[in-house]
Amino acid sequence: MTTSGAHPTPAERARALPRDPLLGVPLRHVVRDAVGRALRRAIANGTLPAPADANALEALIRGIEVEVPASSEHGDYASNIAMKSGKLLQRAPAQIAAALVAELDAEAQERLHGGAGSLGPITQASVAGPGFLNMRLRAGLLADLLDAIIASPSAWGHVVPVDAKSPLRVNVEFVSANPTGPLTVGNARGAFVGDLLSRVLEAAGQEVTREYYFNDFGEQVRRLGESVIAPRDGVPVAEDGYKGDYVGELATGIPADVAARAAEAREAHSADPDRDEVAVIGKWASERIRIGIQSSLAALGVEFDVWRSEGSLYTDGHVDRAIEKLRAAGWLEERDGALWFKSTAFGDDKDRVIKKSTGAYTYFGSDIGYVEEKFGRGFDHLVYVWGADHHGTVARVRNAGEALGYQKEHMEMLLVAWVRFVRDGVEMSMSKRAGTFVTLDELLEEIGVDSARWYFASRSASTAIDFDIKAATARNSENPVYYAQYAHARMQSILRKAAAEGLATAPAIGDLLDNETSADAVLARVIVRLPEVVEDAAAHHETQGVTTYATELATAFSAFYRDAKVVDSSAPELSAKRLRLVQAAATSLAASLRLLGISAPAEM
RNA sequence: GCGCCCGUAGCUCAGGGGAUUAGAGUGUCUCCCUCCGAAGGAGAAGGUCGCAGGUUCAAAUCCUGUCGGGCGCACCA
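Residues 1 to 604 (our numbering) are what the first sequence spells out, left to right.
I should point out that these hints are in silico values taken from the structure, not numbers from a laboratory.
Just so you know, these numbers come straight off a predicted model, no measurement behind them.
Where is the CB? At the ideal position from N, CA and C, for every residue including glycine.
Some hints here could point you the wrong way.
As the list claims (entries may be wrong) - Label pairs and their calculated CB-CB ranges: (1) A508 with A539: 30 to 36 Å; (2) G330 with A260: 49 to 55 Å; (3) T463 with G63: 47 to 53 Å.
Claimed, not checked - Here are the computed lysine to aspartate or glutamate pairs in the DMTMM-like style, where the Cα-Cα straight-line distance is at most 25 Å: (4) K87 with D147; (5) K325 with D336; (6) K565 with E532; (7) K283 with E249; (8) K84 with E532; (9) K497 with E249; (10) K342 with E409; (11) K355 with D380.
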């Protein structure tokens, strides 16, 4: 296993991400808890009947759903709990909702925890439609939150896991392209999806190991070796060999010591395919390519913690150990001279070969050893980010994992759909062997990392998409990523200007948000939503919500910027409070961009 | 043939059971810089959510079928 010591380990990263018990709890949890308390109180008061089944009540309270309504006229949060509980409580939904409103109103007037805590979070609760409970957040709560954000900006956007005592240890394996050629634009999506997912999981409190699995022996590497030797010897590359320009570059760039070892291998080991000239050259070439891949990925902002070679799974005994475990459990079978895994016992439509009759292992053999190796390292959860063409292997790997004694739910395959790269309406072909492909490096030169990251982050991994490079380049400055970045630059510009004019920032937001329809309050309500966005993204393993949030925050800021004068020396007190609000907005926008691995420039 | 993913505005895509106004960006059209950054803002036009049934008080959303597109069904790597 190759690890790089240059950057922090997953555990160090997890520890380094600050989490604040106030900032790290999505507001909707606070609201949900308040609704739950209101329900209990209403029952204790006798306003609502106590259900015969106490367990059913607990289940109901646990399942309370609170969401941000589509229209802000319906409040900051809404719950359908009254409608859901009508049957259990034997009351009309509207009646239940009214009882909850009364309790929430009461709580807003008193301090929680026997007078030591804060006021209840909800004001202006109301009943609407068939029994929806609409709620408005107390302005003071928003103000407290914004003050907390400014007090510890680096903690903002990092969610505290609800019930986990220790962080979940997650392995995210992605890209894993064989080092037989440079990464192509076809690999880009997987690279971004894996990295984005890793960032989101980390923000949600999990300890994430980013892992790259590569093949360093076998047929493909051999073919690469042959393809490099051919031009060196002035012979055309074989039909099934690799033909890209990089092959020629490798051929002319063979260092003296490698050439010497190759020459020696040709004399001494020509009969041994593991040690002959082709093997020597192939191994050298693939390692050179792997290093190139590593630097291409680094340019994308994608860094791996572990580079795991397929060969090491054998030399370190993981494959043997997995096979022995399966054999002991009775899941293996010798048939036709090959070793089979009884995948059908787990619902697969056919059994799968682990070791061929030739004695060579299949990829599936490696996969099994790898599952064993990963869980052996102590991971709670494995995520595989695979191309859509791999979905045939999903079932067998999970089945094998289950046969090895692990839970299927802890082996998750994220299938990333195809990207059709199009230039001027013509699809670009992506064949490494034919040498007709666009490299990742070329793509980035044209459109830039921030732009590419945003593009993939804003689309769900399961939809096939058309990526028109020409259009992405031509409309460069009108790309949505710049909209968010521009808003951030503007916020910073306002803060700079205020500082230059000698305007101070207020020590607290105070009453700035008391008028709930003011530009200030509207902006504050968007700022405060980030933890929910992070939580959703981590739960669904999707990042579109984060780009949407960044766009919404930028839009909300634009409206605020239009309607509210921030830097105004004739009203220093108001200015001071608004500067604080802008500071919180900038913190939140920067945090959401950081989640995406996108820069938040102070000027553009 | 079987299985998985996907058909939403001209284009690229969100939304994936709930309040009869389905969103964003881009494109098109009209306006707005003596005013904290116009990479911006205000507004308009643009949709039978592939089609047909079904479940529900309620369906773009769930179920079935169907059409269209992608991918997979190896003792290949």
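Please work out if K283 and E249 have their alpha carbons no farther apart than 25 Å. holds, 16 Å
K497 paired with E249 [C-alpha distance capped at 25 Å]: violated, 53 Å
What's the verdict on K342 and E409, does the C-alpha distance respect the 25 Å limit or exceed it? holds, 20 Å
For the pair we were handed, K565 and E532, check the Cα-Cα distance against 25 Å. violated, 29 Å
K87 and D147: Cα distance at most 25 Å? violated, 42 Å
Taking 47 to 53 Å as the stated bounds, is the beta-carbon spacing between T463 and G63 within them? Hint violated: Cβ distance 31 Å, outside 47 to 53 Å.
Given the hint that K355 pairs with D380, test it: the Cα-Cα distance must not exceed 25 Å. Violated, because 28 Å separates the two Cα atoms, which is more than 25 Å.
For G330 and A260, compare the CB-CB distance with the range 49 to 55 Å and indicate the outcome. holds, 51 Å
Would you mind confirming whether the straight-line C-alpha gap from K84 to E532 stays at or under 25 Å? Holds - the C-alpha atoms of E532 and K84 are around 23 Å apart, at most 25 Å.
Straight-line alpha-carbon gap K325 to D336, limit 25 Å: holds, 22 Å
Supplied distance hint 30 to 36 Å, evaluated on CB atoms of A508 and A539: holds, 33 Å
The earlier numbered hints that this structure contradicts are 3, 4, 6, 9, 11.
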